[in-house]
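Peer 1: Reassemble the complex: the two chains are provided individually, in unrelated frames, and hints are given to aid placement.
Going down the list, the sequences are from chains D and G. The numbering of the first sequence is the numbering used here, which starts it at 1 and goes up by one. The numbering of the second sequence is the numbering used here, which starts it at 332 and goes up by one.
No lab work stands behind these hints: they were computed from the structure. Even for Gly, the Cβ is constructed at its ideal location relative to N, Cα and C.
Derived coverage of chain D by chain G (criterion: at least 3 residues anywhere in the stretch with Cβ under 8 Å from a Cβ of chain G; other residues may be distant):
#1 42 to 52
#2 188 to 199
#3 210 to 218
#4 227 to 238
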Amino acid sequence: MTFLRNPLLALTCFLSLLLGGCGGGSSDDRITIGVAFETLQTEYWVAGFDAIKAELEKRDIRILEAIADSDSNRQLQQIKTFVTRRVDGIIMVPKDAKTSIPAIKAANEAGIPIVLFNRIADREGVEFVGVQADNFALAKATVDYMVEKARETGRKHKAMVVLGDMGDHNAIGRRDGFFAAIDGNEDIIEVVARVPSEWNQEKAQAGVVNAFQANPDISFLFTSSDFLFPSIVSALKAADKYHKIGEPGHVILGGFDGDATAWQMMQDGYLSATGVQDVYFEAEASVQAILDLLEGKEVPELIRDPGFVIHQSNMEAMKDRMWGAVISSGN
Amino acid sequence: MNKKLGLRCLNNAPLLLFATVFLLLGLASDRFLDWQNLLNIGVQSSSTAIVAIGMTFVLLTAGVDLSVGGVMFVAVAVAGKMIYSGQPLWLSFLAALVVGIIAGVINAFFVTRMKIAAFVVTLAMLFFARGFGLWFTQTRAMNMPDKVTAIGTSSVLGIPIPLLVLAVVCIAAHLTLSRTPFGRQIYAVGNNSDHARKAGISVTRNLFIVYVICGACAALAGLLALTQTGAVSPSFGENKEFSAIAAAVLGGTSLFGGRGKILPGTLFGAVLIQTVENGLVILNANPYLYPIITSLIIFFAILLDSIRSRALESFHRRPIRPTDFQTNP
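So that you can see chain G by itself, here it is in the shape it has in the complex (with noise of 0.2 Å):
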């Protein structure tokens, strides 16, 4: 009973985590606790969440992106530059979405077809996207009218714009993970790619798939953060891959592959990040606390992850003899 509770503990190590760091919060302020301070936090997570979420695909095949930043600020300075002449809101966004997805087909191409290493390929789009975002841009901010800040701070039924677009994203990745063919096929290659393929898994077309994925998570995040921040700055997603990487593993995902949830996993890896900055920021703390705690958080969920694994490890380990050999042979 007591091994079946601590293996449900440790199942769900990111959830209490996120639990413990709430309720700490919640006596420290309680203004924390606030219902328009869970939606603030909720609003804030959600560039950084669905970013983690087209990671996360990435992560499970045992890859990495770590382009995700330059698209953003590639796919928001295309939409940006339309919307200043004069396009319609909804062309703009449509092209930033295209653009995304273009990086990632050209992500895909080089790992899959070139087989070059997706650390290679994907720094190289991190460069290059930033490199033609600040010639596009000509390192000018660009400031947006009302109409995109009013898409940020807009609700459908009392729950804010982007925090709807996020459960969309949230229960649409989950179920393709979870429910599909497609999903269990990517557990299989990110568990080893070899048996997959033997298996009658088209690698190739996995791997390009999470890698489009990924990409058009990177343009909606940059979309959702440009109607927030109002601006297209050259910074735009800066450090952007790092924040995503942390979450998806936060929420328990493994970089090795083969290994993580969207629900409750990068999801709450997000939020938790964002839970964090927030109550820091409400409790007036030193900034210098920020970066160490912060820290001390992730360290913490991956001490966590790691005890996990490993108690998982055994207790799932077949005995090589069956313990009552000596007793009853």
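Just chain D, with the same shape it has in the complex (with noise of 0.2 Å):
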């Protein structure tokens, strides 16, 4: 071990050691794939992560992994590390429409596959495949749901909409949705709410709590994700307007997303429906566009998941698809 005794050769083998354990060096002739989400700050985006991995895992192809802590700098330097690690696809959830345009640019000009996971960016110079839910057509089968619900009661309802950022594909998708399944059922549905959340739980309790102060009688509610839920809950519990479906006072409530709050909710009778992205189909589509283009295969430039609508005539039927329903049962 003398040769331990210089000092330049100890650091030169312990660096080597060091990325050697990194894999910098390996001769592994797997397939890699980069897998770059912008955030893991709510439960879907964790079953995301969790998902993809579990497919990448199930076809023996290797995983890089980065999460830009909602930093779009970041991510463009992630995606910039994966064209410099030579992977051979990405699979990247973008901050937002636009920020996101340089990191798939990078990726790119390095001709290395890259599909934009639930979340998808303006295509302006760049190429890539979407896979996304369909948040309006859900959104809009969810709260078709809700307002036949309501039609059932025989009575006009007062209707709140709690938004998600005004700056997120999806939550103007969801939006959309709820406005068009209301569209000519105004005789029994009037919106006299419109709630913006930012995504945080603060607001959309804040929100809710004075919504129901300027209009006591609301009774038909539409969350543009389930993770909003516990605040709602909150509010409602606050002005006594949480009951069970079919007790005097019931709020109909509506969500997205199927998370497990919401499979909770739907269980012990609260909540009427929830538009649920299938998580599942969304990470295998990804993964299996990323081979097919590196097979030189024809891929749609937008995949879309058709989602399900989960309600409580369904839920039995449906919940093993949920992906709420699934992380509950501890699968």
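Peer 2: Structure follows, in structure tokens:
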């Protein structure tokens, strides 16, 4: 071990071992895919991340992971690192529609196929495959079901919609889906409150409290994401509006995403319906799209996750496809 | 006389702006001035106001604490985990406060002992706290039992508990700043730390304490928010640092230190932001208008503050020559 007495040699050995340990010099012939998520700050993104990793492991594909913590510059650097490490493909959740374009361009210039998972970017001189739920159609189908339930009560309802971030394509799709479902049903639904939440629990809670202050007789509420339900329920309880389906004073509730809270509320008989994004479909489609592109096959620019509406009548039959129910059961 | 009136108006600019916004919203909707709605505004402001009070202490020393949102998150994450594991509420809440104080101590240590810029230290703490919180919770939302939200919705003598907590913190902070040697020293440090040091004030000790106060306030604010939202979500406390700084600045606190008050200053700043958001929901305003109107009001408040500062400066400026020099040499 005398060579270790030479500090320079020892440092070189240490760095070589470190780099080797990191897999930088691996001679592994397997396909490598870089997975870059903007954030892991909601259960949905965690479920998506886990689903992609499971899909890659199932196909014996090597994975490089990166989380940008909502920073588009950091995401750009992460994508450039993927390019430097010569990955075979990239699956990315962009920060938003605009700021992610340089990152996509970096992958395009290196000739690396890139798939955007669940959230797509503007196609301004860049090429990618998008895998995304049809937010508009799914929100509309969910609210259609809620309207049907409202009509069954035989009375007119005042409605509130809790909106997401107004700069998020997904949030806008859900908002438009909500209003499309209401359109033509004004005889029984009057929208009296539009609460912007910016995907923030505190803002959602305060907004719902304030909306009930202005309109105490609201009896129809749709939220653009299930993850806001704890705050909404807290506000409903404070206004004595949280009652089970069929009980006097029940507010018809609907959501979007299909998370564990929504599943619990559905089981407990409070939630009428929620639009479920099929995270497992999206993960499989993303990985398959990269493999198809590597093989030179034709892949559509946008792969739609049809999703589905889970409601009180079909919940037992559909629960195995609802990611929130799967998480709840610990599978 | 007119000059005195003008000076008084300028000194109370935040209060006048607040009254104007309140009056306009009251005229626009009769629901707005309902007693219950006023209580709602107070309750909804409580969390931001308490973070902003902690932030005011730091801003008065010409520092900044960007970590408050992350500290809020990690503090309630610890409390949430403890509540989930069956620990008593008081112990869980106490643990959250200890987490806030520890975060404040770490910030203070690096700012005062290692002499690293507060901006850098607290930014690093923001990322560390948020990352730690995400790891600690495994990015899973924790829905709190009803006994937690019961605190946020209960009242004592008709006054909601969050408002009572806010009142206690406000009065304690106000008295500390206005009636104690420590408070005076904070202003002195913020005005000029070198002069303060030469005057025998322990700048290091004062700076250390303000960061600890700010950390404790962040944790307390997190707990208040938790009692209202009923959930620890991964985005808990996100961007709270901006709301806190905005509230303090709206209330007349200078970003350069040495000037600012808790009452009415910071408190009105926090309540003003919430009042605007409350009013817009009551009026069922177009959601796209929210950021536009809120930012316009913040801009207007800061413009007023700037005009006030210049006017006060010129009012208090001593003339180099007596003005009657020409007439009475």
